[in-house]
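Sequences listed follow chains C and A, in order.
FYI, this note's numbering numbers position 47 of the first sequence as 183, with every residue one higher than the one before it.
FYI, this note's numbering numbers position 253 of the second sequence as 270, with every residue one higher than the one before it.
Misleading hints may appear alongside valid ones.
To be verified - Here are the simulated lysine-lysine pairs, DSS-like style, with alpha carbons at most 30 Å apart:
(1) K24/A x K279/C
(2) K479/A x K311/C
(3) K195/A x K42/A
Just so you know, the hints here were simulated from the structure itself, not pulled from any lab data.
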Amino acid sequence: MERNSTVKRIGLVLTEAVLLIIFVWFLNRLFMPKYVSENRDGRISREYYKEKLDTDIIFVGSSTVYSGINPIILWEDKGYTSYDRSNASQTMWTSYYMIEDAIRYNKPKLVALDVGFIKYDDDFTEEPSNRKAIDGMRLSSSKIKCIEAAKGEEERLIEYIFPVLRFHTRWKEFKLEDLIYTFKDEEVTNNGFIIDPKRTKNLPPRENGRYIHGEEVDISPKNWEYLMKIINICRENDVELFLMKVPSYSDNWSLKYDRLIDELGEEYGISYLNFDELDETIGFDYLIHSPDEGSHLNTEGAELFTYYLGDYIEENYNIPSHRGEEKYEEVWGKKSRRYKEMLALAIEKNLEEERNSK
Amino acid sequence: MSFISLKFAAFVIILLIVYYLVPKKWQWLLLLLASYYFYLCTGIKNMGYILVTTLTTYGAAVFIENNARVQKEYIKANKESLSREEKKVYKASMKKKEKWMLFLCTVINIGILAYFKYANFSIAYLNLFKLHVMGSTDFIGFFDLILPLGISFYTFQSIGYLVDIYYGKYEAERNIFKYALYVSYFPQIIQGPISRFNELASELYRGASFDIMRIRSGFYRVMWGLFKKLVIADRLSPFVQTSMEMREEYSGFYLILTLFFYSMQIYGDFSGGIDVALGVSEMLGIRVAENFERPFFSKNIAEYWRRWHITLGTWFRDYIFYPLSINKGIINLGKRCKGLNEGFGKRVPIYLPMIIVWITTGMWHGAESKYVVWGLLNCLFIIIGTEIKPGCEKLNEKLGLKEASLLLKLIRVVKTFWLMAFLRVFDIAEDTKAGFETLGLVFKGWKNFDINVIFNELKLPKEEFIVAIIALIVLFSAELLQRKEGLRSRIFKLPIPCRWLILGGLIFIVVVYGSYGMGYDAKQFIYLQF
Numbered sequence: 137m138e139r140n141s142t143v144k145r146i147g148l149v150l151t152e153a154v155l156l157i158i159f160v161w162f163l164n165r166l167f168m169p170k171y172v173s174e175n176r177d178g179r180i181s182r183e184y185y186k187e188k189l190d191t192d193i194i195f196v197g198s199s200t201v202y203s204g205i206n207p208i209i210l211w212e213d214k215g216y217t218s219y220d221r222s223n224a225s226q227t228m229w230t231s232y233y234m235i236e237d238a239i240r241y242n243k244p245k246l247v248a249l250d251v252g253f254i255k256y257d258d259d260f261t262e263e264p265s266n267r268k269a270i271d272g273m274r275l276s277s278s279k280i281k282c283i284e285a286a287k288g289e290e291e292r293l294i295e296y297i298f299p300v301l302r303f304h305t306r307w308k309e310f311k312l313e314d315l316i317y318t319f320k321d322e323e324v325t326n327n328g329f330i331i332d333p334k335r336t337k338n339l340p341p342r343e344n345g346r347y348i349h350g351e352e353v354d355i356s357p358k359n360w361e362y363l364m365k366i367i368n369i370c371r372e373n374d375v376e377l378f379l380m381k382v383p384s385y386s387d388n389w390s391l392k393y394d395r396l397i398d399e400l401g402e403e404y405g406i407s408y409l410n411f412d413e414l415d416e417t418i419g420f421d422y423l424i425h426s427p428d429e430g431s432h433l434n435t436e437g438a439e440l441f442t443y444y445l446g447d448y449i450e451e452n453y454n455i456p457s458h459r460g461e462e463k464y465e466e467v468w469g470k471k472s473r474r475y476k477e478m479l480a481l482a483i484e485k486n487l488e489e490e491r492n493s494k
Numbered sequence: 018m019s020f021i022s023l024k025f026a027a028f029v030i031i032l033l034i035v036y037y038l039v040p041k042k043w044q045w046l047l048l049l050l051a052s053y054y055f056y057l058c059t060g061i062k063n064m065g066y067i068l069v070t071t072l073t074t075y076g077a078a079v080f081i082e083n084n085a086r087v088q089k090e091y092i093k094a095n096k097e098s099l100s101r102e103e104k105k106v107y108k109a110s111m112k113k114k115e116k117w118m119l120f121l122c123t124v125i126n127i128g129i130l131a132y133f134k135y136a137n138f139s140i141a142y143l144n145l146f147k148l149h150v151m152g153s154t155d156f157i158g159f160f161d162l163i164l165p166l167g168i169s170f171y172t173f174q175s176i177g178y179l180v181d182i183y184y185g186k187y188e189a190e191r192n193i194f195k196y197a198l199y200v201s202y203f204p205q206i207i208q209g210p211i212s213r214f215n216e217l218a219s220e221l222y223r224g225a226s227f228d229i230m231r232i233r234s235g236f237y238r239v240m241w242g243l244f245k246k247l248v249i250a251d252r253l254s255p256f257v258q259t260s261m262e263m264r265e266e267y268s269g270f271y272l273i274l275t276l277f278f279y280s281m282q283i284y285g286d287f288s289g290g291i292d293v294a295l296g297v298s299e300m301l302g303i304r305v306a307e308n309f310e311r312p313f314f315s316k317n318i319a320e321y322w323r324r325w326h327i328t329l330g331t332w333f334r335d336y337i338f339y340p341l342s343i344n345k346g347i348i349n350l351g352k353r354c355k356g357l358n359e360g361f362g363k364r365v366p367i368y369l370p371m372i373i374v375w376i377t378t379g380m381w382h383g384a385e386s387k388y389v390v391w392g393l394l395n396c397l398f399i400i401i402g403t404e405i406k407p408g409c410e411k412l413n414e415k416l417g418l419k420e421a422s423l424l425l426k427l428i429r430v431v432k433t434f435w436l437m438a439f440l441r442v443f444d445i446a447e448d449t450k451a452g453f454e455t456l457g458l459v460f461k462g463w464k465n466f467d468i469n470v471i472f473n474e475l476k477l478p479k480e481e482f483i484v485a486i487i488a489l490i491v492l493f494s495a496e497l498l499q500r501k502e503g504l505r506s507r508i509f510k511l512p513i514p515c516r517w518l519i520l521g522g523l524i525f526i527v528v529v530y531g532s533y534g535m536g537y538d539a540k541q542f543i544y545l546q547f
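Bound conformation, chain A alone (with noise of 0.2 Å):
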């Protein structure tokens, strides 16, 4: 069932019906019903998935809190009559099971999901090997496999669960059913954000009554989702396939304007369906993680991943990047390098972490060796930001640019933008390969542009042009006056004729101008395939 469906809209408003009706204390059980009627609607066998995946991870931290209590009670019953070296080797001991738990748990449910994502990509890096290093023809076929919706979601939300479990962060849930919602909490499930326990279970749990300015605002942002979806990104969709099928034929400015494209189209896309998520959650009184904070106004590549899928981001540096810059091996090692050159030493416990994270984020965007391509550049580019940084403050200083100054920041404001957009190249692009050359072909054919191409030849007509570049800056607009204050905070404050006005003209937008229905090949959500 898909955001972007009359069967999900008919589905939400059931929900909220009902859900306003049952007692408070029940409301979470009907939202665990709904999420599962929800995820069912994928297909029966993706059930199986997610349910070893809470069983799995809910005993996990029930084990582990309960090997932690009795660890607890076990020194607190004998202070006195052992000694310390004795307490050391038992903790050491209990804590070894709750790593195995967690190591365990970790493998069957990071194993289901490199399965679905990495196992036809291994093999096919097996069979390169068995070609180029053996010689050999004789190929391993590759599996049929349909990645169940939200794995990759639903797996990082409980393996952070467990991980925090394992530190002493909060307490487990004990309820599996009350537990089995916070996995599967369908308006996350299939683009996330990825929630953390502490924050989304309370507010899932306690139930919430009835407010119409709740419902009124969480439409309002549903709206919002849906115009960046269907008059942002799927308007633009077509041309941007169409030009990168085409851009031996159109380069230069074409692949400019498509990497343009792209990036709205993406952030419309992802940004589009959070919105969708997050204001149908607020219609039911749940308040979840922002996942994006306008990030085509960061300065710098790694602000930028501050404020672009940001719970995503939040994961890698809490589970994958402390962890490892913590690790006494990666510690150990910078030592070793200080001894050839200090500096280097000194950056070896961040930057190799890093590293690693950014394969990581690539490896999780897609099993293809672009992504990590993609990742690393990403990496490259934040290290080599860190590195110039001196240098390049010094140069504004001599040229008598303040940091503070407006100049300096739209420069940095372009440059991160579209630096980005040039690295989204290897999102579109076929391979890592294809990749680079778009980016070559960026260059040539500067002067045989026409504007009748764009609207004749790559699949966007005069009208929609005319329509995606007013609903850009629309957007664009509307996200700088959110820098101070909320859009929707703004339009509560206005009369209510005003307010009536701005609902009328944004479903009228939606409505007319929404790119849906017979003659659209209507787009599922570019992240559902992470």
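Chain C on its own, in the form it takes in the complex (with noise of 0.2 Å):
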């Protein structure tokens, strides 16, 4: 009898664990901005661990990186797998252990990192840009010292493992989508790459020159640190990588950062390339490739770009293609097919707001 009362009271509390986990889950979700309507990015983090199959590259950086770098243009030109582990802003320390996590969860061949944020000094911080770089990565030490590493002063470790301590005062703003995409999980990027066909208006000027910083600036302890441990994860784990500057009109760099990128690169044999400097031989007309007076490049500018880096890796690097391997074919084939629909709407709704704003 009292045996049959302890096993019952055990059961309930088991329940009651269960249910406190569950609903805990569950406010999480609810409270998580989605990132569906607006701030796609959010979502790359999330979707990258939907990918079962091999990724054999991952470009990781910032905001360029998603919407410069096209992996399906990739897929159908050369059969390479790849994703854009990339978000806005996204800082050194952030790449690093985007790149530790990858390799964890799918080791990659090829890490090819886009190094524009090195200019960015060491106290940098967005909440918004951490936020949407690290709430989709799954529970584990890289997304913990990832954490740590990014964080400002005001934000807490606590709340990155219970997003709703952070955002429990969403229900103000609350829309339908919150609740659908608390249980609904439909990718919206294109293996981390951010459709946007719009083009922009006008550029600005430049009056000093292609880059505004000279000599002056420097990369920051804090950056050469996470550069470096990037080179020594991927020396140890045998995974090749490339460092890259994606393509921007933004006069925002220095040919010193180039320089020193450079002579890391080559005490360390690795190569480096900022594609600045190829923009006439890949055919850019900023005013035509970017959405936003050439900070990025759109649709049609990632596309240009990707073909080239396309070629630039087969020549340089051994990265398998995967045509005709029959799983590869039929997942990526859903992907290519769903991008073009995607696409379409997104030109569609694209002249439509054209038509409005007229």
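Bring the two chains, given one by one in their own frames, into a single complex with the hints.
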């Protein structure tokens, strides 16, 4: 009798514990921003874990990567499998932990790192960017270390582990989307690539030449530290590393950065290429190929750049083409079709917006 | 370490796990270590003061008890040989020693408390005296003082213990570590309750077995406390602060709302904190004295003060009011006054100690003259209430209102609530003058009320306002339900799914609608400053 009652009690407590865990999970999912209709880059980290087949290349960096490198084009052109593990204002330290996480989850053959963000200071931190990059990461030691490295003074680790503690005030701005996407997990990026077919109206004048900064700039210690960590983790895991600067019309750069990274690359046998220098070779016209005065590439610009980048990778790295492999053809064929549908919708939406703005 | 922090939550969870893993006989020692760790988190400097209080009151209590024992034994041993007069002289000399020890220890501990609370207050008045009476501008500089956490609470608790030992109410604690736990027990050190040794000690030292029902019940109470603090008090705080700052511009009904919301804020803040303290204690299997009994349902101010911060009220009653009311000097004064007027003379031994108690209560709340005025006004209303009671009863009889009638009770409850709400203006006004001016402003500018001002100017946006009102309705309903039976015992009688729904709902409300995290100025508990 007594034993029955003890068993019953334990059963009740366990049920309560399970219910509590489900409830906390539900609260976290409900209150997290969904990043579906806007700020879609917030979905990139989360959607990465949907990749069940080998992802041979990961492109890591900031917004220039997810707007400028299109994995679907790379598949169609070369048969390469890739993913843009990038986010707006993604720092070198966040990139490092993205790579660490990727190596653990689905070891790539090549990491192509955009170094554009190396110009920022050690104390650079933006909560929305941190959130978008980190919230989608699966709970792991990489995630915890990433939070510690990236968070600002007011941000707290526990609020990343339980996002509801940070986003609980969103009840004031709740949309139907929040409820739907609490349970639904639809992909909104194309292997991290964000479609943006808009074209810019004008470009800012370049009054001080190609780049505004000269020799006065430097790479900060934390950026160096994490760049070295990236080099080391790739070497330790036999992953090739390619350092690059994704093309941008922006003049917020210095040739000194190029020189310093070049020197480092030479020391460790790593290639570095600033694609800004190949604007004309690739054939960029930023009035056509950028949505925002040259800061980023639009979908047309990304297509152009991805073809060029694919050729470069083919020439310099030994990445296998999965073209003709049944399971890859099936999965990536689906991705291609989905991309084309999304692109058509985005172009239509863009045209409508332009018509409305007139 | 604030009660409203994840650090505290982690601290309690770890403590609970270890607490129920160690043998019962060592649980009290673990509590002592936890309490000292908790206190250490407030700053190492503060440790010195609590140690002084612990050591002095412990030593004094042991001295007093030993002295009393020696006296008893001596009298017993020399029962035959000593004359009655000799015994009396001996007893008096021994009692004198005890009295001196009590006096000395009280002076040391009240001295520390007074130094922190009233040094700058005294300097301010000395400077005013110098300026206005002596015409000197050679002012004394202020001290840079930060009140050690919980000093008022643990000082009062320790002195209460010492006085009880002096009067032989119970035996002194001989184990200094056990006594140290009584002084520093962490859930109540921040803002009370002020427990009595004979009630708390056995709870602290006996140890407890793991009981999931008790843990669950304590958790409910913690969540309820967090609801009061985070959903109500901290939500209303920006409005109260802003509307007080802009009171010249937004007077009349805005100020009525401010006084109402401040009453709710301070109740949510203080009783919420107490709920967290008592809930954590309950999870540890330790019963601590209640500090609130639905005070807003009181029918007069005296009753209100028997239901608000109960342990402080009883402390003042037992250790100041009662000793004063039987003080020979005061009784003699009353007798002399009887010569002038019989009624007045009868009242002196009651009202004079009452006035002293209320001045002390005011001073306890803060080292500012506004708190003294606040205390005296409370006292005045209690005296008026007592004096007009027979007249009111006659009037009610004439009006046909029965004492037990709901209408009369309601009128009294509403009257008491608003009297207290108006008196609290001295809490939030800068000084006494500003307090009275604010009361004056309540009666001005009633025509200009626009609810959008609350939403847009006074930092209580529409959605927040709605949440606050709903939360207050929930609070009021819960308190109403508690009249006959405790809320938790009612909940535990419900079927399991209903209990889960209630607990889930409570967690949801606290987590979602609580005012915390980035973008909020995390409020410390108001009573921490006392």
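Evaluated hints:
1. Between K24/A and K279/C the CA atoms are separated by roughly 21 Å; this keeps the pair inside 30 Å, and the hint holds.
2. Of the pairs offered as hints, the one joining K479/A and K311/C holds, with about 18 Å between alpha carbons and a cut-off of 30 Å not exceeded.
3. A distance of roughly 12 Å separates the Cα atoms of K195/A and K42/A; the hinted pair therefore holds under the 30 Å criterion.
Against the hints set out earlier in the document, no violation occurs for any number.
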